[in-house]
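Please work from the sequences and hints to get the whole structure.
Number of protein chains: 4
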Amino acid sequence: MTTRSIFDNISPLDHRYSLRKDEFEDYTKYLSERAKIRYQTAVEAALVKALAEADVCSTEVAQEVEEAVKEIKPQEVYEEEKKTKHNIRALVNCIQQRVSDEAKPYIHFTTTSFDIVDTANSLRYKESAEELIIPTLKRLEEVLMEIALREKETVQIGRTHGQHAVPVTFGFAVAEYVSRLGTRIEAVIESSQQLKGKIAGAVGAYNASHLFFDDPEEFEANVLAELDLEAGIHSTQIVEPEYITDFIHSLVSCFGVLANFSDDMRHLQRTEIGEVGEHFDKDQVGSSTMPHKRNPINYENVKSMWKQFMPRMMTLYQDQISEHQRDLSNSASSRFIPEVIVGLLSATNRLIRTCEKLVVDQQRMEENFNQSKELIVAEPLYILLASLGHPDAHEAVRKLTLEADETGQTLRELIQQKDELKPYWEQLSDKQKKLLINPEQYTGLASEKTEKVVQHWKEKLDIN
Amino acid sequence: MTTRSIFDNISPLDHRYSLRKDEFEDYTKYLSERAKIRYQTAVEAALVKALAEADVCSTEVAQEVEEAVKEIKPQEVYEEEKKTKHNIRALVNCIQQRVSDEAKPYIHFTTTSFDIVDTANSLRYKESAEELIIPTLKRLEEVLMEIALREKETVQIGRTHGQHAVPVTFGFAVAEYVSRLGTRIEAVIESSQQLKGKIAGAVGAYNASHLFFDDPEEFEANVLAELDLEAGIHSTQIVEPEYITDFIHSLVSCFGVLANFSDDMRHLQRTEIGEVGEHFDKDQVGSSTMPHKRNPINYENVKSMWKQFMPRMMTLYQDQISEHQRDLSNSASSRFIPEVIVGLLSATNRLIRTCEKLVVDQQRMEENFNQSKELIVAEPLYILLASLGHPDAHEAVRKLTLEADETGQTLRELIQQKDELKPYWEQLSDKQKKLLINPEQYTGLASEKTEKVVQHWKEKLDIN
Amino acid sequence: MTTRSIFDNISPLDHRYSLRKDEFEDYTKYLSERAKIRYQTAVEAALVKALAEADVCSTEVAQEVEEAVKEIKPQEVYEEEKKTKHNIRALVNCIQQRVSDEAKPYIHFTTTSFDIVDTANSLRYKESAEELIIPTLKRLEEVLMEIALREKETVQIGRTHGQHAVPVTFGFAVAEYVSRLGTRIEAVIESSQQLKGKIAGAVGAYNASHLFFDDPEEFEANVLAELDLEAGIHSTQIVEPEYITDFIHSLVSCFGVLANFSDDMRHLQRTEIGEVGEHFDKDQVGSSTMPHKRNPINYENVKSMWKQFMPRMMTLYQDQISEHQRDLSNSASSRFIPEVIVGLLSATNRLIRTCEKLVVDQQRMEENFNQSKELIVAEPLYILLASLGHPDAHEAVRKLTLEADETGQTLRELIQQKDELKPYWEQLSDKQKKLLINPEQYTGLASEKTEKVVQHWKEKLDIN
Amino acid sequence: MTTRSIFDNISPLDHRYSLRKDEFEDYTKYLSERAKIRYQTAVEAALVKALAEADVCSTEVAQEVEEAVKEIKPQEVYEEEKKTKHNIRALVNCIQQRVSDEAKPYIHFTTTSFDIVDTANSLRYKESAEELIIPTLKRLEEVLMEIALREKETVQIGRTHGQHAVPVTFGFAVAEYVSRLGTRIEAVIESSQQLKGKIAGAVGAYNASHLFFDDPEEFEANVLAELDLEAGIHSTQIVEPEYITDFIHSLVSCFGVLANFSDDMRHLQRTEIGEVGEHFDKDQVGSSTMPHKRNPINYENVKSMWKQFMPRMMTLYQDQISEHQRDLSNSASSRFIPEVIVGLLSATNRLIRTCEKLVVDQQRMEENFNQSKELIVAEPLYILLASLGHPDAHEAVRKLTLEADETGQTLRELIQQKDELKPYWEQLSDKQKKLLINPEQYTGLASEKTEKVVQHWKEKLDIN
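Top to bottom, those sequences are chains A, B, C and D. Each residue of the first sequence is one higher than the last, beginning at 3 in the working numbering. Each residue of the second sequence is one higher than the last, beginning at 3 in the working numbering. Each residue of the third sequence is one higher than the last, beginning at 3 in the working numbering. Each residue of the fourth sequence is one higher than the last, beginning at 3 in the working numbering.
Read the hints as simulated data drawn from the structure, not as lab findings. Any given hint might turn out to be false.
Note: identical chains are not told apart, hence a pair may lie in one copy or across any two.
Stated by the list, open to error - Simulated crosslink set (SDA-like; lysine to any residue; CA at most 20 Å straight-line):
(1) K462 x L151
(2) K31 x R18
(3) K75 x R6
(4) K462 x E450
(5) K31 x R6
(6) K420 x K435
(7) K84 x E397
(8) K75 x K420
(9) K84 x N351
(10) K23 x S7
(11) K75 x Q65
(12) K433 x D216
(13) K198 x E188
Structure, rendered in structure tokens:
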């Protein structure tokens with residue numbers, strides 16, 4: 003029963019979305035059940051190491067345990083759990099079976115299950131953040147930075163409410179995501195570094211360790227230092243739940259940025275817009291029945307994964323509540339946390355692959371821009387009129403726009419025909435007139451800001 | 003890569019919660035990736051069968067296809083998908099490779115991918131409901147009915163706000179869940195029977211099938227009839243999403259009933275209350291460090307699983323939204339629906355096992371009742387006083403209660419001492435006085451109602 | 003403090019979204035605090051009426067109470083609550099103060115607060131469904147039906163993944179929402195009719211009423227019959243929570259249909275698509291700075307309201323859990339249920355107003371269709387080739403599509419040039435050839451299905 | 003219509019939960035519609051002030067505007083909006099109507115609506131955090147600190163899984179919440195200080211301001227500096243949504259801490275436990291029908307409010323998604339954000355009032371402790387045995403516990419009778435033996451840790 007075809011699995015994360023060998027090996031290293039048990043044994047070994055440093059046991063015992071835990075296989079722990087009906091007791095038994103009688107008493111010494119479980123989880127989530135999540139997010143950030151810089155001058159019509167507004171550049175539009183992803187990477191860094199361990203016993207009051215240590219908090223700090231972790235300010239049977247809640251919030255809110263980017267790209271791929279594309283392999287099928295389709299499937303997938311994983315945050319919020327010194331009703335639910343991480347990584351890796359092949363159709367972008375070229379002038383016109391003292395510039399331009407719509411004339415033509423407005427036109431500087439005549443130059447700071455945003459995040463995130 | 007140790011899996015559903023061989027085989031039959039592909043091939047075969055019945059192809063072709071699809075393995079479909087980058091096109095190719103040239107053209111004839119995908123999903127969810135979910139829920143219902151009937155006379159203090167109120171019987175308390183689970187089983191039956199199929203093509207307008215059939219809706223009905231399904235009133239590329247939304251709502255709201263029951267049982271197992279217990283195996287460990295603990299782990303697990311799966315409903319609500327004739331952003335997310343079903347089944351099976359061993363500690367139940375025996379009289383006393391015309395009975399009894407609290411006297415003693423109240427006491431019937439003297443008889447219809455509720459649901463759900 | 007400017011209110015439902023006098027009066031009739039108290043007094047009066055019918059009190063007493071409760075003002079109940087710190091006791095006191103000494107004892111006789119609260123809520127939600135929600139939804143349904151029928155022949159390109167697929171008609175696209183809204187109206191009808199009352203006392207076991215009635219369930223039925231309600235199968239202190247959970251699910255899932263429709267309309271209003279519009283008032287401003295903007299603000303509003311109210315379903319699911327015979331942790335949360343109803347009504351009324359002015363730009367619709375006219379042929383071509391025995395029609399057409407893309411030739415031209423394909427062309431019937439030449443006729447059953455869907459729901463929902 | 007009885011309001015926040023005059027005035031100052039408009043006018047005034055500083059207009063104009071905006075009433079803005087159908091254009095018109103012709107052009111100069119809306123919201127949420135939310139949370143923190151210190155030595159049985167575990171002190175149990183609330187206050191401080199403004203125009207590229215300023219980012223910074231705000235790294239039409247998402251996460255996760263504390267207190271008030279109480283007013287009614295009830299209504303209310311407001315986080319996560327340079331589908335939904343803040347404040351204020359009257363029943367606490375006094379010894383016994391080299395201490399104690407259960411003997415008696423265990427007993431130090439004999443001293447660091455936790459947060463949060 004412990005080996006099976008992936009096609010007998012229930013979760014898509016364990017069949018369809020685990021087909022890429024390299025990605026899957028990354029995920030499983032931190033986020034599989036095997037990884038969890040490995041991290042738990044590492045905590046048990048760190049405990050004995052700290053005991054040796056405190057002269058409670060010998061250095062040899064600590065070394066013996068450190069070696070022994072490397073041999074522990076998930077199978078044997080689960081086999082043992084059939085007897086004990088308790089997973090950490092099973093783990094302890096398995097370790098004890100592999101060490102000398104001298105070492106046996108020091109296994110799990112003075113600790114409670116969740117000293118091990120919570121510390122191991124904080125450790126693997128922290129390490130998965132450092133070694134996997136953040137590097138993967140930064141790789142995506144780099145790809146977005148490249149696009150932003152490459153396209154910083156590419157004029158694109160800005161869109162608000164799905165309507166043409168005033169122009170930006172495509173690089174500026176991507177810089178939005180460079181920046182938002184940047185703040186999320188910072189949030190992931192910060193929240194993952196805050197993950198805490200604990201070696202404070204069954205109710206967090208160091209009842210047991212106090213039997214043997216004058217300063218049980220110092221002993222706790224020593225055990226955790228072996229793992230490069232710290233203890234929180236207070237704990238009960240478990241670590242305060244807010245640290246993991248903050249961490250998953252940083253991931254879920256990061257997922258929202260990916261989903262928004264994907265929505266934008268999806269819509270820019272609409273047949274009528276067609277400004278960006280995903281490069282398609284020669285043999286790839288767009289639709290099983292409509293051979294001409296080019297579907298934005300990767301962006302759709304990312305949006306869809308977000309819809310699956312975002313609501314999981316509700317589980318974290320509910321798991322903040324644990325009665326008294328703890329009830330176990332957060333145990334099963336928190337076992338699913340690795341799914342959220344894998345969901346985010348899977349989406350990020352997909353976006354990296356897709357964005358590396360992101361193609362801009364400059365011609366379509368220009369055509370779309372030209373569609374509203376004339377109307378774009380409305381904004382600067384209104385503002386310039388206002389600045390020149392027109393008492394109701396917004397209204398004047400609104401009416402002019404309607405007239406332009408009906409007559410097919412341009413705003414700048416109309417303004418010169420209107421006795422009321424003509425005097426204003428004549429007061430404009432050459433630069434201002436030029437802008438009204440060349441709306442594609444009305445992009446404000448789009449290009450400079452793109453560079454600035456990319457530069458900001460390169461420095462902040464230490465990206466070259 | 004397609005065979006792996008379960009301990010390398012990410013989802014707890016694919017490692018920790020899939021260890022019971024019989025349960026897992028049930029789940030995987032309907033809810034694994036293998037099952038999905040099997041159901042999809044069944045839809046493809048039903049299509050050709052209907053084509054044969056419409057004389058579009060020969061009966062031999064239909065039989066050939068029916069046999070061929072049985073041979074399809076998930077591995078080959080996924081292998082083929084590497085080339086096509088499209089899962090249903092891959093499936094179609096795999097079938098075509100296994101049939102004669104004569105049969106090839108009829109595979110997937112006039113349909114779009116989601117004619118197959120949505121129909122197959124509706125079919126497997128409907129069949130999993132009929133053959134697995136509903137029978138499992140009914141098995142739990144039976145166990146609860148047994149407890150309710152067995153304990154229908156066992157007096158238990160009723161509790162509101164965690165405070166002792168007036169008495170019920172434990173059977174009556176369990177009858178609550180018999181009834182609520184009953185309505186949910188009904189809801190699951192109803193919503194699963196409503197799941198629809200479709201064979202209406204790429205945008206739901208029968209564009210392609212209309213090329214070949216005078217009445218394409220009739221053809222659709224014929225294909226679906228092979229699978230014991232019906233079409234909805236309208237479809238786009240996909241079946242209207244409300245059917246599956248209603249179905250998952252029925253499951254999620256059923257899960258809520260299990261969670262509430264589990265919370266009640268957890269609390270009744272509190273050390274200070276101790277009215278019910280889970281029978282523990284001789285070798286089972288309660289706590290890795292506190293050997294004396296008897297933890298309500300199964301009820302905690304059910305509550306916890308509910309916290310994991312209940313928020314998934316948000317995904318369904320979000321997936322109601324699909325742009326125009328459909329965007330694919332519900333595709334990945336809906337692949338996770340089987341997890342919700344397995345989560346519920348896992349919790350239900352756990353409750354069945356646990357409740358079969360549910361033990362009532364009648365002595366503790368009586369002791370707890372006795373703790374409030376005297377105060378319980380307050381309610382009938384107030385009501386009787388009121389019925390006899392006391393102008394402010396509630397207030398009178400509230401003050402009496404405070405006095406009883408302070409003096410240690412019983413309410414019935416106090417009432418006879420108060421000149422103001424004594425006349426009322428004397429007007430009470432013998433039966434009423436008896437009730438005030440024997441509060442354990444103040445259980446109203448608890449016992450009769452228990453029987454009635456159980457009987458109602460036995461009939462409604464056809465349980466013997 | 004009890005009268006205030008709406009601009010001092012916190013909830014947008016109580017300022018910005020309550021400005022339309024007629025709508026607000028509808029909402030407040032059922033869903034304000036005043037309405038709640040009015041319904042509660044109605045339950046108290048029904049109770050006494052049933053007591054009179056059971057000869058427990060006189061008919062005069064019942065009449066006196068019925069008159070008295072009409073006078074109760076929310077202010078006085080809240081004033082009284084300052085003393086009692088209990089809202090229903092305050093209500094009871096207020097009623098008692100308004101009736102004769104003879105009537106006083108029968109107020110609230112044998113009942114617990116939640117007999118009144120839950121029964122009153124079920125009643126007002128049921129009546130608000132019958133008299134307000136369902137009629138409003140049906141009014142929207144009618145408006146959609148009109149559009150669907152009016153536009154049943156208006157050819158529109160079908161869109162999947164935001165990409166042009168095969169054609170539908172705009173009427174058919176709207177018929178999707180006629181149908182989905184239809185199923186939701188049915189769901190609202192059904193779930194609102196299921197809302198239950200209870201008169202079963204503090205823990206649901208009829209402890210108190212059993213003191214006075216031989217058949218307390220019959221008495222409960224009589225009280226509820228006065229209000230046109232029924233009791234559930236079982237109750238505790240409260241009505242089983244699944245009835246209201248189902249009811250709100252029906253509303254929330256209905257809201258999802260409105261949100262999807264709004265998303266579709268928003269996107270069809272994109273500058274590049276421009277197929278539908280909202281009629282704008284002459285003086286209306288689109289943007290404070292871009293006078294040329296025509297924003298789909300009403301559809302955006304509906305989508306946004308859905309995002310606000312959909313997650314409230316989580317509260318309902320959490321409120322399914324209430325410990326033992328009830329804890330009060332669902333009390334405050336359930337006071338917010340009226341907000342969900344008002345949110346939905348507000349969105350529905352907005353859509354009615356907007357859709358009544360929905361304009362189709364037939365020219366843009368045709369231009370957009372023409373953009374893909376040639377490629378549309380791909381689907382029927384592939385299917386026809388397949389039906390004529392082409393061994394790999396999908397692949398052949400896919401390659402042809404790429405060639406058409408590159409060369410600018412039409413598919414039907416290309417097919418006749420290819421030796422491999424020409425023989426198939428010649429086998430096509432005239433009708434089939436005609437379809438390949440006139441892709442705008444490739445709309446399948448779009449028009450007939452539109453009529454059929456509208457007809458179905460007219461009958462089902464009794465709409466003329 | 004703009005003045006109304008609060009009982010005609012829909013939201014409980016605008017009737018039932020706004021009855022306390024002082025609290026309501028606090029809320030309405032920042033969180034009502036009136037407050038929103040006031041903050042928006044402040045942003046418009048700051049804009050003109052910065053214009054004056056940049057010599058675009060005169061100082062007199064800026065002063066004129068500053069005075070004028072103070073006069074703006076919500077009524078007139080809403081009245082004007084009836085014409086413009088655009089709320090910010092209405093606001094601008096209202097300001098322009100109140101200033102000289104010279105000043106008119108500078109109102110709203112170069113800005114877009116959401117420069118004003120988002121900046122005003124960031125400002126009022128930041129100020130409400132500084133002036134209202136954080137002080138209120140700190141007041142609760144102080145009350146909890148007082149309880150923790152007062153009860154730091156009060157022995158209480160620790161509870162895990164609702165089962166008696168090893169002892170803590172009640173002060174230590176409260177210190178958990180001091181600490182968790184402490185981290186949340188820190189999170190609220192940090193996230194509120196991060197709230198950003200923007201003056202970057204319709205699509206965030208400074209298109210309009212670039213017409214007039216060489217360095218439009220500097221101008222933006224100057225406007226925001228007037229309001230003590232900063233700009234984010236990038237903006238579109240709106241401020242990057244992650245800042246407000248983080249802010250509301252800090253509030254929602256803070257609410258979770260309050261809910262958990264309330265659950266603990268509720269359960270400690272259970273009849274069978276009775277360790278803490280809420281002081282009741284003399285006239286307060288516990289139940290309308292059961293006069294003897296003492297219900298933990300305030301804790302129930304807080305838990306219930308959490309269930310209402312926690313899911314609102316889903317709205318924030320959904321509102322992270324806004325298409326291109328922005329779609330308006332986050333507009334209506336974000337208008338409800340003040341409700342979340344008021345919900346949290348209302349719960350916090352309630353807890354302050356309740357905890358100020360929190361009473362510990364030391365006798366019940368001791369009785370409950372004594373119930374498990376003997377079994378508590380199991381943990382130290384197991385650990386001591388293990389430390390002395392017992393090969394299977396956990397198992398040995400587990401069996402001993404069962405025997406103690408059956409025979410009624412104490413563990414320390416049993417151990418001395420067992421030949422196998424006796425030698426271990428004799429090796430124990432006097433201190434260790436003493437602990438086994440006086441389990442109430444087995445509280446580890448509970449008392450010291452309580453002091454330390456309180457001291458830590460006093461310093462961190464600058465609380466005396």
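Quick rundown of the hints versus the structure:
1. K462 x L151: within (17 Å within a copy, 43 Å between copies)
2. K31 x R18: both (18 Å within a copy, 17 Å between copies)
3. K75 x R6: For K75 and R6, both the intra-copy (17 Å) and inter-copy (15 Å) Cα distances are at most 20 Å.
4. K462 x E450: Answer is within; shortest intra-copy Cα gap is 18 Å, inter-copy 41 Å.
5. K31 x R6: both (19 Å within a copy, 14 Å between copies)
6. K420 x K435: The answer is within: 17 Å in one copy meets 20 Å, while 57 Å across copies does not.
7. K84 x E397: between (78 Å within a copy, 16 Å between copies)
8. K75 x K420: Neither. Shortest intra-copy (86 Å) and inter-copy (36 Å) distances fail the 20 Å Cα cut-off.
9. K84 x N351: Between. Shortest inter-copy distance 18 Å satisfies the 20 Å Cα cut-off; intra-copy 38 Å does not.
10. K23 x S7: So K23 and S7 pass the 20 Å test inside a copy (15 Å) and across (15 Å) alike.
11. K75 x Q65: Within one copy, since 19 Å is at most 20 Å while 49 Å is not.
12. K433 x D216: between (78 Å within a copy, 13 Å between copies)
13. K198 x E188: Both: 18 Å inside a copy, 17 Å across copies.
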